[in-house]
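*Asks:* Take a look at the letters that make up each chain.
There are 2 protein chains.
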Amino acid sequence: MAKLHTSLCDRLGIRLPIIQAPMPSAATPELVAAVSHAGALGSFGSAYTQPEAMQREAEAVRARTHLPFNVNLFVSKPPGAVDAAAQRGALDAVAGYYRELRLPPPEPVRSPYAPDLDAQLRAIEEIRPAVFTFHLGDIPQERVRRIQALGVKVGGSANCIAEARNLESLGVDFIVAQGAEAGGHRGSYRRNPYDSMTGTLALVRMIVSNVKTPVVAAGGIMDGAGIAAVLALGAQAAWLGTAFVPCPESGAPRAHKEGVLNSKEDATLVTEKFSGKPARAIANRFIREMHERAAPQLVFPAQNVLTGKLRTAAAKAGIPDFVAMYAGQAAPLSRALPAAELVATLEAETLECLDRLAALRR
Amino acid sequence: MAKLHTSLCDRLGIRLPIIQAPMPSAATPELVAAVSHAGALGSFGSAYTQPEAMQREAEAVRARTHLPFNVNLFVSKPPGAVDAAAQRGALDAVAGYYRELRLPPPEPVRSPYAPDLDAQLRAIEEIRPAVFTFHLGDIPQERVRRIQALGVKVGGSANCIAEARNLESLGVDFIVAQGAEAGGHRGSYRRNPYDSMTGTLALVRMIVSNVKTPVVAAGGIMDGAGIAAVLALGAQAAWLGTAFVPCPESGAPRAHKEGVLNSKEDATLVTEKFSGKPARAIANRFIREMHERAAPQLVFPAQNVLTGKLRTAAAKAGIPDFVAMYAGQAAPLSRALPAAELVATLEAETLECLDRLAALRR
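Respectively, the protein sequence lines represent chains B and G.
Number 218 in my numbering belongs to position 218 of the first sequence; there are no gaps in the numbering.
Number 103 in my numbering belongs to position 103 of the second sequence; there are no gaps in the numbering.
Next up, chain B with everything else stripped away, as it sits in the complex (with noise of 0.2 Å):
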């Protein structure tokens, strides 16, 4: 069969220039696995992870695979202690949600809100797993060159050349160019992220102008055409989050995978109500009311924290009003595989594309 390869696949050690998003909840040792094993690469996505069980994830896909993976961490400033009221005003925003769910009403969220950064970067440097990427912000450079002589290598997000050019400076081994369409948390960490939804088309080839640094290209990709389109663009990769959302290893809650895959267009947009920052998924009532009241919300992550307990038992009720199904633009386009399927078709599809635009060359 014929071969797709890129230059960064043999820095990060893969076969295929794919790359599975990482995904809190969604992303389980198995999926991770069964990715990296069909010779994408699988990525943890452990912002909220504490590092005893990032290190046992890292067992649990090191026990079924010996191919690289990723383990990405946000790594946004902490915010300082939120104060009485607007504690008051974010539980009251949420307190009637909570009632419905017959949960315990909302409690004063306590900092920490997420785990210790650097303990999850010790972490990331005990596990060395092959590939290490953040998001939401950046680390210094010594960070970077500690990591990266642990033999890990090291990709930030970017939402525009300025982070991207920021990133190339700190010496990291590629960039994840996150256009508009993506699904989840905007990265933007150095302009307002209103001010950054470019497309992903448009964003990609203005990074790859700008920087020497590889590219890999987030937002919209869904299948083997738009692979392709990236790789057109010069990324050297294409990480898509939402189109394994709904493979059976994935952890995402039932509504979550259900939302995605019955998605219609225009269904998700930019809301900071689940965590605090926004952050693209499909609209539901929470979202759609939350926004209606103008409700009033904690900083990121403390709301994240907050809306925790409903997010829980909304899944566990398989009631998606108040789950946080982030998805992308181009979710309607999600199949329900199992994730080895999955890659082995986004490469056929690739090659399909690649020798369609060949033909085009009469």
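There's no promise every hint is true.
The list treats identical chains as one, so a pair stands whether inside a single copy or across any two.
[Stated by the list, open to error] Derived DSS-like pairs: lysine-lysine, alpha-carbon spacing no greater than 30 Å straight-line: (1) K309 x K77; (2) K212 x K264; (3) K309 x K153; (4) K153 x K77; (5) K3 x K264; (6) K264 x K77; (7) K257 x K309; (8) K264 x K309; (9) K212 x K153; (10) K3 x K309; (11) K257 x K212; (12) K316 x K212; (13) K316 x K3; (14) K212 x K77; (15) K153 x K3; (16) K316 x K153; (17) K3 x K77; (18) K212 x K309.
These are computed hints drawn from the structure, not numbers from a lab.
Guided by the hints, dock chain G onto chain B, whose structure is given.
*Replies:* Frame of chain B; chain G shown alone:
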């Protein structure tokens, strides 16, 4: 030299799968003729052009080349009369700018705000351009057929699958899928334009997957890599507007050309302040201040008449503050090249990109 060809090229009688997007004022007969002569499809943006002028422009192109060209019209329903209070509010909102440019105070805008659409359509039937396209709406099926019966290929533009399906049901020859990156007016006509801000990569792939009619991709395409990318997505041609704005043959005001050539990333936004309908333009003082003040505006196209003197005077004086610098999100990739050279460059880049893609299959 290698050829680059899709079946839509045959259908439209053009050598290359490249269409210069219609742009009122920028698309002069010189530009249209130069683009068509170079093997792409030149297009008039005749939205605001009277039938007689449409005739003259077509003759001017035909005196230069016998190759196909496209005439584009806006086909939105004309608004009713604008009431006195709305007029006062909108006039007051721009009166200061009129003073600043030493123009007499703005006068109430009177109907008709734009050329009569039926007269324009009759002009199309007389001119019989190789291609007729419409934007901002649709036209009845019998009109599509009547125009096609004259040997004219007909295309309409869509910002979502629903609009594309409707165009297919009308029997158009091709559908322009306009992604969120695109400069100029959003083509939405069945849904709220702000709900249909889907990136080009996602939108083109979704529309291609949902209709059988050939799709032309628009939005954020500035070079051969962008063209190859949309061909990968299954589009049969690429539609580039912003790339042609700086051409010497373009009638865009110098301020507009320089605005595009010197634009930085994230410089554009979608505004209704120039025409009354949402359109992507480079943010300037007029847009920023009108947005900040939440200044009232007239309905489309009455607002376009109201801002007309302002735009013209500013363009003449070389003041970018009041010029409608319509541009897409990838404007920073623009180049100042004569039209024929730009088309030749796009062709060479696309072929080079297809070669690069073929080499990935090692």
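*Asks:* Please sort K316 with K212 into within, between, both or neither, judging by C-alpha distance up to 30 Å.
*Replies:* Classified as neither; 46 Å inside a copy, 41 Å across copies.
*Asks:* Within, between, both or neither: how does the pair K3, K309 come out at a Cα-Cα threshold of 30 Å?
*Replies:* neither (46 Å within a copy, 59 Å between copies)
*Asks:* Give the relationship of K212 and K264 under a CA distance limit of 30 Å: within one copy only, between copies only, both, or neither.
*Replies:* between (38 Å within a copy, 19 Å between copies)
*Asks:* Under a CA distance limit of 30 Å, which applies to K153 and K77: within one copy, between copies, both, or neither?
*Replies:* within (23 Å within a copy, 56 Å between copies)
*Asks:* Up to 30 Å between alpha-carbons, please classify K316 paired with K153: within, between, both or neither.
*Replies:* neither (37 Å within a copy, 54 Å between copies)
*Asks:* Using 30 Å as the alpha-carbon threshold, which applies to K309 and K77: within, between, both, or neither?
*Replies:* within (24 Å within a copy, 49 Å between copies)
*Asks:* Since the copies are identical, ignore which copy is meant and state whether K212 and K309 lie within 30 Å (CA to CA) inside a copy, between copies, both or neither.
*Replies:* Answer is neither; intra-copy 44 Å and inter-copy 46 Å both fail.
*Asks:* One pair to classify: K212 and K77, alpha carbons no more than 30 Å apart. Within, between, both, or neither?
*Replies:* For K212 and K77, the Cα distance is within 30 Å only inside one copy (28 Å; across copies 49 Å).
*Asks:* At most 30 Å between CA atoms: does that hold for K3 and K264 within a copy, between copies, both, or neither?
*Replies:* neither (34 Å within a copy, 38 Å between copies)
*Asks:* Reference check for the pair K264 and K77, CA-CA at most 30 Å: within, between, both, or neither?
*Replies:* between (35 Å within a copy, 27 Å between copies)
*Asks:* How would you classify K3 and K77 at a CA-CA limit of 30 Å: within, between, both, or neither?
*Replies:* So K3 and K77 fail the 30 Å test inside a copy (42 Å) and across (52 Å) alike.
*Asks:* Between copies, within a copy, both or neither: which fits K316 and K3 at Cα up to 30 Å?
*Replies:* Cα proximity of K316 and K3: none, with 42 Å in one copy and 57 Å across.
In this structure, the hints that do not hold are numbers 3, 5, 10, 12, 13, 16, 17 and 18, in rising order.
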